[in-house]
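Make the complex out of the two chains shown on their own, each in a separate frame, by following the hints.
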Amino acid sequence: MLFNRFQLNSLKRPSSLCLFIVCLSLAMEMTALAQSVCLPLPRLLTITPMGGRAGTTFDVTIAGENQDDVSEFLIDHPGIKVTAKLNETGTPVPNTFSVSIAENAPAGLVEARTFSRLGISSARIFSISNLPEVTRNQTNTTREQALALMVPVICNASLTNRAIDYYSFQAVAGKRYNIHCSSRGIDSKMEPVITICDAQGRDLVVERKGAPLDFIAKQDGLHYIKLHDLTFRGGIEFFYRLTLQELAADAPQPTFLATRPIRSFSWPPTGLAENPATFEDETANVQTITLPADIAGRFFPAADVDVFEFSAQAGETWWIEIASDRFGLNTDPAMLIQKASGEGEQRQWVDVLELADISSPVKTSSNGYAYDGPPFDGGSTDILGKFEVKESGSYRLSLNDLFGGTRKEPLNKYRLLIRRAQPDFAVAAWGLHAELRNGDRNALSKPAALRAGGTIAFEVVTVRRDGFDGEIELALKGLPTGVTATGLKIPAGKMRSIVLLTAAENAVAGWSQVEFVAKSKLGDQEVVRPVQIGQMAWPIVDSWGEIPHPRLVHGFAVSVTSSEAAPLTLSARENRVWEVKQGEKLQLPLQLKTRMEFSGAVVNWKTWGAGFENHPAFNINLSEPLPETTLDTKTLNVPAGEYTIAFYGVAVPKFRYDPNSVIKAQEDIKQAEAQAAALAEDLKKVQESLAATAAENKAAVEQQIAELNGKKQLADMALQNATSKLKTVSDRAAPRDTAEIVISEPVSIRVLP
Amino acid sequence: MGRWNPSRIPRAIGCLIAILTLSLALLANETPSINTTENNTSGTDTTVSESPDNTSNAPPNPQRPDTQRPDTQRPVSFINEVVPILTKAGCNAGTCHAKAGNGQNGFALSLLGFEPKEDYTHIALEGRGRRIFVSSPDHSLLLMKASNRLPHRGGLRLAPDSEDYKLIAQWIAQGLKYDGETASKLVSLEVQPQRGILPRNSRQQLKTIATYSDQQVRDVTNIALYESNDSSMATVDHNGLVQTQDIPGKVSIMVRFQGRVVVFDASVPQGSPVDNLPPSKNFIDDAVFANLKELGIPPSTICDDSTFIRRVSLDIAGRLPTAEEVSQFQQDTSSTRRDQVVERLLTSSEYADFFANKWTAMLKNRRDDASDMISNFAFYSWVRDNLLSNKPYDDMVRELLAATGTVIANPPVAWYKRVKDPKQQLEDVAQLFLGVRMQCAQCHHHPFERWSQDDYYSMAAFFSQVGRKPTATRGEDMIFHKRGVAGYANAKTGVVQRPTPLGSTSVTITADEDPRLRLADWMSAPENPFFARSLVNRYWKHFFKRGLIEPEDDIRDSNPPSNPQLLMALEKHFIQSDFNLKELVRVITTSQTYQLSTVPNEFNANDMQNYSHYYPRRLQAEVLLDSLDDLLGLRTDFPNLPSGTRAIALPDNSYNNASPFLRVFGRPENESVCECERIQSSSLAQSLHLMNSGDVKGKLANGSNRVNQWLQTGKASQEIIVELYRIAFAREPNEKELTTALAYVNEPKLDANGTPIDPPRILRENFHDLIWALVNSKEFLFNH
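Line by line, the protein sequences are chains A and B. Residue numbers for the first sequence follow my numbering, so the first one is 1 and each next one is one higher. Residue numbers for the second sequence follow my numbering, so the first one is 1 and each next one is one higher.
Each hint should be verified, as a subset may be incorrect.
List time: in silico DSS-like cross-link candidates among lysine-lysine, alpha-carbon distance up to 30 angstroms [claimed, not checked]:
1. K209/A - K582/B
2. K358/B - K209/A
3. K469/B - K363/A
4. K482/B - K339/A
5. K209/A - K469/B
6. K209/A - K420/B
7. K413/A - K482/B
8. K363/A - K482/B
9. K358/B - K226/A
10. K218/A - K391/B
11. K408/A - K391/B
12. K391/B - K209/A
13. K469/B - K408/A
14. K81/A - K477/A
15. K582/B - K218/A
16. K391/B - K175/A
Just so you know, the hints here were simulated from the structure itself, not pulled from any lab data. Predicted model only: the values in this text are computed from it and were never measured.
The following block holds chain B by itself, in its conformation from the complex (with noise of 0.2 angstroms):
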């Protein structure tokens, strides 16, 4: 299964395993209460780094006054300290007493402490104050059950001894206050170091310093929370120590305290030569080889030209270059041979097709009834034509958004068939043209973002003055701008709010105006931060496996690139060349990154996101089943579609009914706006599948298919081996696997009486068997 994404599934769920992943993560580590290392607090002499680099060890700002000091006179902030202990102890988790419904045993807080008011009366006045002991605070239920001297499904979460037990034992003696109007406001929160480079199985100490409204200045590195972005490379502990990996590049831990986060960023450094760089091609050749040489990573070589013509055909065309085109490829002795297969591949059909299925998978064109069959054509058809004519991306997203009119006469209409509700349309917009995830802020404060409910509404604004109209065709809207200023009523507060950009301050938008065409235009912006970048890095992922940042939709301040100068460059040239999809894949598949092998050097091999060499992955569900039926010179029959379509030509994901081989290989039923909905992990199921399954049988005893009839056409067995391997896999076989593959086919056999089998049903169940094999290698299922 592919890896958990909160999109594929509906929103409650999706947040409630967002928030259970938060909660487990939480719950996994250590309680701060629970280890009483309390010189940790100062962050000067907790630094244990076995680096030898300074970097490593810088001690934090000694001239930040610590006022977390042992006072119990100072009276304790219920905002500002009671909180944040809560937090940090997972008190008010997801999978515990912010659990949605009624918290946990009765007991409710708000999800990480968003709502403190609430989490006030809860805790001090609820079931008239039974959860507190002002006369005796260690008698107060809160603790009691805390530090687990009380049964406690949660068990020990604040030890009797820890500061943050005596913090909140000290708050009740105070007497309850809640300062929710007078307390200081956090107004920046800092880490220290801010970047380094750390080296392999090293360690590093960070501080977390909150600064407050009244210049208080709070060393919280002890109630701060702590994750990494990759714990393959790095681990962080409760206390916001970092821990390396033996795997080099580029790492990250998200430092999270009273909503706002702020992320320490670090090199890993193999430091091996980097002497032999391929020619730069172009900018993206330029950064990535400047990382790969401040990581000491050295690159692959350049792959092979059979490598090349079968990797760029299946990326950009999502299907196997023809023998003829191998043939051709092979003869070309031009310096720009490579170069002009990329050019051929783009203005090739098949580029609009397999791009068209990709965007409408994620654009939703479901077909849930019969009567949508005519609006999932359409729909599939103008995003397969915008891409044939290479409409600038901008453009195509802007008809999209802002469609008016019917489905015949304005296709993207259909989008507005599939996502009805506002909220909806925002958060697929969102993700989708993005990359930001916007569900959980509906109902609370996005535990690793900035985004609030408020930004959520601002959002779903522009979406406010979406008018429909009946028309005759059943399940259908004709789609217009309904006249009136927009807003959407924030479901919490009942404010409405107006259309408010993301990270940016409300527009004026008048009453005839689509406040759509205002998002439009502001998305299209060169300055937008999300747009251009969403874009790229999504088309980074289809061409290298992982995008710059990982999930591609998932972009945020707390997951930052794994090459941010990369990033901003291809940002850059695709707001350059105004937008233009085509030269965003020209750029990439022309680029030396792009054609490095497959095959790894004694020093790159657990490289997996600086792209030092090629990551192979799975064909597609699509793509496969295409290649075997161009290596078989058979075409699988859809229901509806004319005879000969190519399975990355199917408009919608009903087909996926009738074909088992595209459901067990993963293709989409279209329900997510999120690609992970593509399942592109192996399975038994698969394996399976193109070992035994009826459809791949079928495929090889069809009289029909192309060795059946070079065999009776009397075609040479040594010819047809050659001509598979150019299909398959783009080159000839070697003389090893000519020899091995000629032997096989001409090998004898006896039926089942001990009788031997005539030559002609010989060679052709052997030659089934070899395309058999051939189709289950490694190399023929993977784009390598």
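Looking at chain A on its own, in the form it has when it is part of the complex (with noise of 0.2 angstroms):
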């Protein structure tokens, strides 16, 4: 009634409202400062430097988010060899590693990930060059400390805040040379800037989009480049690995690899050959074809519409197949096809068919306030779609670059495919992202990285490729011992699926690389495509303030740690094949096991499962170790039938980061106490014994107090490191809400005729 009241009031005075709603925002504010969002994982962040010459052994060192004890730093490339850095007494030293590159591995990028307390890291780009390599030591923030580069050469660095970074290159007149910037393609934070200065510090030639900056020299002598990041950010996570290089003048644009977008996995259909059938003639207004067609061409000059005739006859299906946008390119392909009706000058041209966008399979976020979908777009500005001859005859297919109106590009290019029904798909996955409070725009890399006793999703999409509608099965080969998976089905006609790993309580710490496979059948034969993993570049928590970059790594690395275990467990009371008889209800009896303090007395549980996700939402008392939920088959419609299902919610353990750290820190202080005391003691004595000792001695005396003096002043600094490594580690153990999906066990069900 009070609340009522106020409302009433505040209605009458606005002011009050305002106050109210001021009031109400902090509130929520608070809160949602006091919550962390997610239980943390591994995360490998950087790598300096970030690549290397083939044939050379050199150091790096790493860093990254939640990755404590690193015992392994792993290479995905069989030319590659990390060996643990060891310091003059032997010790590894904690991050680095020596990496020796095979003489013969080949320039290009792969995939750097950490195994550590917590598991698999989510994976890094590493690059292997053909050119020297240095690594920027010093401060280069302005002209007068230009750091001078030697051509060729790839220069590895990272941006300071707020500044640029200076290099200088003697050039000669009439040279080409080439300078670019890779940033983002090797998952770097920066969006570079490249600018060419005469030895004056004039700007000459800018470069904003990413692109290699090809530069004639005008005049022999020092010129300088001016690195930045669009913004002027900067930091570690800003690196990059600047390439200058000197080319003839007729040689083509030297090729920069960088890490696949999402979109991508559904280029390109297997068994497409690498080079097309043909080539777009650009001399030609309209270029006549037949069909099948596989043609590449580009975009190119600005509102370029290219046109290619054919004939079709009536009761033909061709599938149209265009790739430009899943080359990583800036494009949005669109096709018209006319038919041509009428004869000589009366011949004009009649729409038929109009193709744009391969829609996501699932719906993908749009950063509004509240979560609506993952972060995640499988989907592509490119085309993919069917056409159905109704009449025999002439038509055109007619085909431009709905963002290239202006823009004179000349790599802008498209790969056209006009095929009979080749029914196929492509899959990718990538850790499940969902609303774990109110507002929550957070788009973390999540690495199969898990705690005994937890169970993760991962979501699974399609495309689905001339008309191919059939089961597709999931497969996981290889998975860590102890750890299980479970949904390996995406369902006839469906996009999606959810895929659940499964640590058992007792697993052992281990990681393995899992085989990820989509299975079906087209037609009598059974194909095998690769599951396509997706991660974040980054892990952004506000992706209001930080655009997301999702993007393809290589292969699946699974884990499970035993050093922390998942805060619940829910299952079926017993790991069997739960019976029901078609139309009646199950009551389910399931147990649930916490092994931390949460935020709120109960969980609310949804459904997952064919069959089952309408089960309605139900709760859990945390307290309560045997709860029960009824599940109601008449209501629900489900059929006789093998189903398996699992719930998932969200609970807000008091996540402890680590406990274990402060025990072993409250160890070692101890320890260093008794040393520094042993050593006070040896000290004081030998200082007492010195007024009694002979002349003679008295010098062999007092270097022995010397000595001890030293290993005190040792004893006593490591208390003190001690001492503030137990403030540091107590600080990120003590209880913090932590917002995570929850996730049962999987259940299987049978039901009964």
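Below you can see the structure in the form of structure tokens.
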């Protein structure tokens, strides 16, 4: 009633209403600030340097998030050997490794991960080159401090916040220099801006779109390269590899490899020839082709429209696929098919079919206030569609780039395929994102790092090609011991599924490279396609403020840790197939094991699994170890068959980060204190003995005192460090409300007829 | 505060203010009905010019029959007589019965009579005809109110004995006939004379002739509306009597009647001897000097080298010349040294920074949210890089107008983030790139122009196929051409208008073509009457303070240029140079006209539009802040930007929040397409800010500033003073200045206890005072 009265009053007094809203907002803000999102997962974020030349050995330093006690630094290339870096006493230097790249390793991008206390990390790009490399080791944020580069070279560095990096090189008039800054394509956050300046520092040319800058020197002498982020951000996350090389005047533009965007998982179709059958005739207004066709072309010059004329017969069905956006280009192909009507001067072209955009298999995030879809977009501005020929005759296919009206970019290429149906599918998967609290906008990398007793979910999506509508089986081979996978199916006609990975409570820490594949039958033939994994290049806790950059990664590594257990485990009380007669109710006995304190007494659970997804959400009190839920096959209209379901919800455990580290730190302090005390005692004794020492022996005793003083200082320092570490790990281990998706173990159900 | 400009404020308010202004102008005039001088109507016997020049006494054409004679039998036309009388009387002004909403006290008329059918309904039919009394017209509410016989807030608008009153009464008595379908159409309007040379302080009676579709010719002098484009040069009364003032130059009188506009152009010569013109250097000088000769206004002399290098550095690069540049320039004896300075400035990065700052403000590069930062930086950089590489202006505009894709891949897409509605897009494009203000035409026929609502929506149709797709970036869309036949429905008639360039016929654009590309084609065509003209006029104003057409973004028939030959020549040169912006800057700044002294001679002090001398203007906010920093060898620190970033290189408006200096000196918030959003006038707050503000005092006291550093190294006071003058004024102090300054900096001082202050501190504080005095001088604050 008080609240009601307040409302009435506040309606009459806008200022009170405003005050109320402000207070409410502040309260919500404070609540939001007090709560973290997602339990910590290991993420490898930086490698310094970010790559090296084939045939060289060098040290790299790594850094990341939630990576304690890194035991392995893994680079997925057989030609790269990694060993721990040892200090002079033979002890491994934390987070530092020695990397040897084989002489014959081809230039390219490979991926690195770490294995640490919490398991396998997210992936980070590591580059192999065939050019000399340097790592910047001096400040170069003024022209006077410019780092001189010899041509050719690759320089590894990272930006300083609110600063410009300066490099210099000696140019020869008339020579062509190619300058490129690899950044986004190798997982950096940097949006590079390259400026070439003359010896007086005057800007000559600027490149801001991440493309290579071709520069032909007009005069001999010193030139500068200015390098900065578009908005002058900096820090270790803003790393780059600056390539400077001289090219022959007629040499083609070098290729700089980059990571692949999520949307490219559906390209190319299996079995597509590397080279197209034909090329676009850029001189022709209309190019005559015959079907089927495989044509490469480009959207150039600006507002280019490529027109292909062909004959087609009534009753034919052609599938048209166009790729350009999926090459990682910023293009938007649009296609129109028209049919010839009339003859001679009366001939007209009548619209028959328009195709645009491959839809995302799932609704993606709108970047609104609340979560409304994953931040991974499996769709594309490319084209994939069907052309059913109703009438025989001449047709024209017009192809243009909806983003190309004014852009003159000769590298904006496309590939056009017109084929008879070749049903097929492509599959991608990523760590499940879901609304963790009101307004959650996080976009985090979610490596498959399980906690003992925990279940994590991967969202699996497919792009179906040429009318393929069949069921897709998913398989994971080589999971670590104690880890099982469930939900391995994308139902016929569906685009999405959830795969659950569950770690047994007693699973032993370890990791393995898993083969994740999708299988189906195309006609009589079984086909196997890889499931490509997506991850965020960077963990972003608020995608309003920073644009997420999801990308595809190589391979799928799964780990389990025993250093921490999952906050809770919900499972059926018995590990068996639960049977129920069609139309009857199944009283499902569950058991709940909690391993932490929670904020909130109740978790609301929803249900995954075909047939049971409409099971009403139900609450389980976290203090109730033996809850139940009743599944009504009549209301749910579940036909007879075998089912696997799971329950999921959001819980807020009071998570403590590595509490064992506190115990260890306390022990370390005790040990350091004891050592310091022992040394102090020894020192005291020796000092007291000095007075009674004969003159000829005094020097030896004084020497002993000096040595003990030195040891004492070191021991005091060690004690200070241990105390400091205790504070750090204690702060880190303090209970913190952390919203997390919680998932039950899968439950098998058999519905009997 | 700067002058009023409708584009700085929302459309509805803008239109309202425009209408209010117009209405107030109408109401300020004595109403024709009150003035019973009926012999003005013929126009033949009303010329009261004191000028001996026959031109100004030219009689109206006696051959034209005057059909407007008292004739009680003649049917009175509602369309051609009643409505114009109401317009002339101000009844359908925006402040009166055409006020948005429901008119005035329930009686609504269309603005300036543009919708006569609606007016007829309101007058004759609404309220069961309560406003009209056919059997006794004098007792009609309409006339009772207009003649103030019943209380009327608008006062007396039609005197009962006036011809206009009688005509309306006659129309009522004749049975309130609506002749919307049958009335002859106005086919032309003519003012006599069309142009003339009027001595200062003289008068000229204008005669306005309307010709109708039925060949009828009417003298509408006393029911047409008149307005001067510069009342300080010439005024005009409600009957078309022009009175020139004491200022020489070009002035125009706009004459409006029934939606048409004609203009009387007058030259008001000063008649002084123009004997010693500087040698002409290019076509600009030819045109300016010819005009000055015609007007008899002798130009000032050419400015000295110091003034030139400071002026041109500020105008091209937005910064003071460095002391080294000044020294080198002073030592250069070549005859082309001024041209070389221009070349050097045009290749400088600061040129691109300064003009990008100018353009991005008008292109609304505004930060409303932290997530705007990347797109704002990208857009600013795109403009800046294009200026640096001197991309042809038409290409730049084309890339902006027809931008597609994402901001990161194609930064001009950012403009579509700010300007989302096709109507707003057309208005901004028209005003910014064509110099045409279309805002009014959305709701009614433009009162000063020929643009109708159909014209408005036909232009909006060019933007009707702009498609949007969501992106992962908050608030940002991918822009693409949405296939389809372009068209935009006229909000009033519902008729879909096809894309039609202004003043042209509609163009056929297929569903596949992006109409914006066709708009860009039309704009950059050499024969386009607006595109090049608008740009050269805008740039001319940048360098001369006043546009050849003023305001610079209000090009219309009724607002002619002060020097049409010069405008035409500039336009031609710009087009022939392939829309080369640097060449335009080059040709302007290397002209003798640009290099004239600010100091007027005894004959040209009054001239404010013919460029007989350079018109000084206050440095704009960013330039002033940079200049202060240059003088002190400091840089203001701006959030998120590298140390050393100049204020002229700030990418968006967000930096105003943290800089009271920029706000006080009028840096715009990038909300408007109009340059007038930048406040260039002076204010008390500015004076106080320079005198007392913490940031200025902080800079003076900053131990790192160059004077404090020099003092610490023991540099001689005289050398410091000379150096400061070089930086601040691009010259060395004269003997008197040097003596005074030296005496001041060495002056001893006592503290509050009467104890002498130690000499180093005294010297430092006295130098701070000296710098403060230099900064507060007009010579520093103004470009001159």
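Hint check:
1. K209/A - K582/B: holds (25 angstroms)
2. K358/B - K209/A: holds (23 angstroms)
3. K469/B - K363/A: Holds - the C-alpha atoms of K363/A and K469/B are around 14 angstroms apart, at most 30 angstroms.
4. K482/B - K339/A: At roughly 21 angstroms apart (the allowed maximum being 30 angstroms), K339/A and K482/B satisfy the hint.
5. K209/A - K469/B: holds (21 angstroms)
6. K209/A - K420/B: Satisfied, since the Cα-Cα distance of roughly 24 angstroms is no more than 30 angstroms.
7. K413/A - K482/B: Holds - the C-alpha atoms of K482/B and K413/A are around 21 angstroms apart, at most 30 angstroms.
8. K363/A - K482/B: holds (22 angstroms)
9. K358/B - K226/A: holds (24 angstroms)
10. K218/A - K391/B: holds (19 angstroms)
11. K408/A - K391/B: The given pair, whose Cα atoms are some 14 angstroms apart, holds under the 30 angstroms limit.
12. K391/B - K209/A: holds (17 angstroms)
13. K469/B - K408/A: holds (22 angstroms)
14. K81/A - K477/A: Satisfied, since the Cα-Cα distance of roughly 26 angstroms is no more than 30 angstroms.
15. K582/B - K218/A: holds (20 angstroms)
16. K391/B - K175/A: Within the cut-off at roughly 24 angstroms; holds.
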